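Student: Here are the chains, one letter per residue:
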Amino acid sequence: MAVTLKELAVRVGATVRGDDSVLIEGIATLRNAGPRDLSFFANRRYRRDLRETRAGAVLLAPEDLDDCPVPALVAANTRLAYALIAELLHPLPAVEAGVHPDASVSPEAELGAGVVVGAGSVVEAGARLGAGVQVGPGCVVGRDVRIGGGSRLVASVTLCHGVSIGCRVLIHPGAVIGADGFGLALEEGVWHKVPQIGSVQIGDDVEIGANTTVDRGAIEDTVIEEGVKLDNQIQVAHNVHIGAHTAIAGCAGIAGSTRIGRRCQIAGAAEISGHLEIVDDVVVTVGSLVTNDIREPGVYSSGSPLMPNGQWRRSMARIKQIDELAKRIKALEQRLAELGE
Amino acid sequence: MAVTLKELAVRVGATVRGDDSVLIEGIATLRNAGPRDLSFFANRRYRRDLRETRAGAVLLAPEDLDDCPVPALVAANTRLAYALIAELLHPLPAVEAGVHPDASVSPEAELGAGVVVGAGSVVEAGARLGAGVQVGPGCVVGRDVRIGGGSRLVASVTLCHGVSIGCRVLIHPGAVIGADGFGLALEEGVWHKVPQIGSVQIGDDVEIGANTTVDRGAIEDTVIEEGVKLDNQIQVAHNVHIGAHTAIAGCAGIAGSTRIGRRCQIAGAAEISGHLEIVDDVVVTVGSLVTNDIREPGVYSSGSPLMPNGQWRRSMARIKQIDELAKRIKALEQRLAELGE
Amino acid sequence: MAVTLKELAVRVGATVRGDDSVLIEGIATLRNAGPRDLSFFANRRYRRDLRETRAGAVLLAPEDLDDCPVPALVAANTRLAYALIAELLHPLPAVEAGVHPDASVSPEAELGAGVVVGAGSVVEAGARLGAGVQVGPGCVVGRDVRIGGGSRLVASVTLCHGVSIGCRVLIHPGAVIGADGFGLALEEGVWHKVPQIGSVQIGDDVEIGANTTVDRGAIEDTVIEEGVKLDNQIQVAHNVHIGAHTAIAGCAGIAGSTRIGRRCQIAGAAEISGHLEIVDDVVVTVGSLVTNDIREPGVYSSGSPLMPNGQWRRSMARIKQIDELAKRIKALEQRLAELGE
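Protein chains in written order, with our numbering: chain A, 1 to 341; chain B, 1 to 341; chain C, 1 to 341.
The reader is advised that the hints may include incorrect statements.
For chains that are exact copies, the list does not tell them apart, and a pair is met inside one copy or across any two.
Here are the simulated PhoX-like cross-link-like pairs (lysine-lysine), alpha carbons at most 25 Å apart as the crow flies [claimed, not checked]:
id, residue 1, residue 2
1, Lys-330, Lys-320
2, Lys-193, Lys-320
3, Lys-320, Lys-6
4, Lys-330, Lys-193
5, Lys-193, Lys-327
6, Lys-6, Lys-330
7, Lys-6, Lys-193
8, Lys-6, Lys-327
Hints were generated in silico from the structure; no laboratory data involved. Since the model is a prediction, treat every value here as computed from it, not as a measurement.
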């Protein structure tokens, strides 16, 4: 498939600087692009690559035009324009329509128009899949699961009984939605399981990464609102509530009953304790530990700095003494004040 | 299914305050419960919800009776009573008996009475499944695996060859038991694999969360004793030994050959180094890093506090200087002592 | 299978001290070994076990011979010699040849000589599997995937469309290779997906642990060079590049576009931010947070020390004040200097 720069500009609402008849067939990095490739400039570190690129054209913001030696596609939101063009030029591999003969679909499941079920997948009784749902190979769709139209389970996804998935939701391999929350009752030193009778509600346009787990609620449901984006290997415990359009990066963990607001950004490996409230528009940086409510929007961090191992060992010893060090400072101040008098 | 409050009291060893003929059909939260629901009060934060509840009845401890406006079910261990009632009123969805026609069971596997194998599951030669074992859809039970009676693999569980699972064990989707431990030998800058010839032993009444991994031992077995409860996405490396009735929350990691005692509680995202000994009755709080033996029962913590990002950046710089700061305090004390003389 | 000590010595290039006709049938620990077992001494903690062992023979380094009461197999690199012997005496369980009747292999896939595909596995159109590739049960091999000769997917592995796997690669259950990277474009508070059009390249002799995820690249490929060893539950984000013979332990996370050098050792639960450069021969210790480039080989650490909970709480409060404490030290120094004058 080849598209002129002019056509691309029309499709993504951009303008062209230079020859708009250039034919574009694919996308490549500034350094590796050839005359039929569109490239993309967004990170200032790569300005030199921009100046030297041999791409057919470059997608960039107006302020970077001066450094572009080839035709340019100019957009206000370059990242969004890039997303649209990438979708156009690099469509996903075609999927065979219908239910694969090696899938196992219960006669008591309801499949909407155009539903695809891949080889090795299981769809249990009572499941209802909306129009155009794609269940890739190796998935398990449990009893009474609901999946809204246009959603896609890439492969090897497990949806436990009764969970509810919105429309246009994308779930990557190894994700598990609706496993039991971690509910235990202690009696004389022995743990008894507390049944997890809630479920999971996933809103529209949510994306869930590979090997991420979202547990079902203890009594009420675990809720992930529309437009939330979860990366890989995230743990979402029972009764967590994640507000719309919040994005969470890989390896983060959110303990039970915590509420995260809308439009938050939680970086990778952040760990958030249970029963907390985090307001809208909070940013938590990489590897932070959150053990208290966050009541004001803003950027929050924890963690200690990386050091050469020898220095770190000395620092560790000192941190253990820090309360004593603070008291010694106070004592010094008092003695000095007495001396001053 | 509807049960009178009186019947519930008899079944869980509780007493009733108020009308014991109330009919209960389900469980709901204090705020959402209607006249046919039982609700549950345990967290003091929700006292106001208790006072305003319209539940048919509330399960609570004797000391909270005064705030309850409706009939009450009074138990000493409310959490345990709740667990028993939830199991009664919200049983798991029924499972179809027998081996699903879309399962793949080796003729050389032995299945006890009442064993269930779901669609898409594989049971290899030499596996022995005790009476009443339920293998949900999409599981792999490897060669020569042993599973004790009454255990349940919910779905998409992988048990590698030769692992041994006790009775009444519950394993959630995506869990992998018995993958190779991480054993390497270095020769001239190149890693060689060290075969992992041990296996895994899981005791009775263990629960293992979604996407948790328990590696097989290098020579001897990795051991998880009876009653241990593991949440999601926990990594248990080769030759770890976890004592009975220890509970570990999500995203924790335990490196090779570490021994954790009985009745320990390890919070989420705690990371425990290899070759350590942790005695019985130790509590480790969320996100802690354990790099030394713990020889006394007690509560242990590490981690640095969450701060606004600007303050955190300044603190990071200071922590790098902490050894120097401590020396400056010492120098101040000496100079002041000299001045005093 | 029984082998004389003499034969073992020849096979692994070791020498024997004592009776070289001893017959060895298996491997066991020093404490549990019997007269037909070979045992292995490497960790000085277990010197007492060596002195008391009843093993048929012990594999050890020359400097430990004096403490060995039984015949000894003496090797310079005992760990490597152990690996070779373990492979010989404890071969993996045999795998049935060919494509299992309960596997689902596309007629448009190409299988080399001796390829094994286990029950419940799916191989999609365009996949090319080299000679001797073993695909265990429950795997998904996506469209157009390439797998080099001698590689093995143990079970329940998911390879997404188009990824490229080298020769003799070993991938453990639950691993997901080639899921979409986490690429998003923000427009008016709503996230749009950025298609991930790159793929993944895995070099020869790589090992990938259970439930580890390696995402496909945004434009170019994510690359894992030859001989890299990844433990369980590691997250490798899009466009990460890991140099040859680097080893990474469980639960580590590497954010997007970071380059890690050759022969690095990254310990468990280390978290590495995106867009960083880490040179060759770097060691990062357990639980460290890496947020800047590492430009010199060496050992690096971060993290705060484990303390009894009460002490930790006091320390947390002080760490929040550390910038102020440092300023108070400076003020004390100035006042003291003034006093001195």
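Student: Are the hints correct? Go through all of them and say.
Tutor: Hint by hint, here is what the structure shows:
no.	hint	result
1	Lys-330 <-> Lys-320	both (18 Å within a copy, 16 Å between copies)
2	Lys-193 <-> Lys-320	neither (38 Å within a copy, 39 Å between copies)
3	Lys-320 <-> Lys-6	neither (64 Å within a copy, 55 Å between copies)
4	Lys-330 <-> Lys-193	neither (51 Å within a copy, 54 Å between copies)
5	Lys-193 <-> Lys-327	neither (47 Å within a copy, 52 Å between copies)
6	Lys-6 <-> Lys-330	neither (71 Å within a copy, 64 Å between copies)
7	Lys-6 <-> Lys-193	between (62 Å within a copy, 24 Å between copies)
8	Lys-6 <-> Lys-327	neither (70 Å within a copy, 61 Å between copies)
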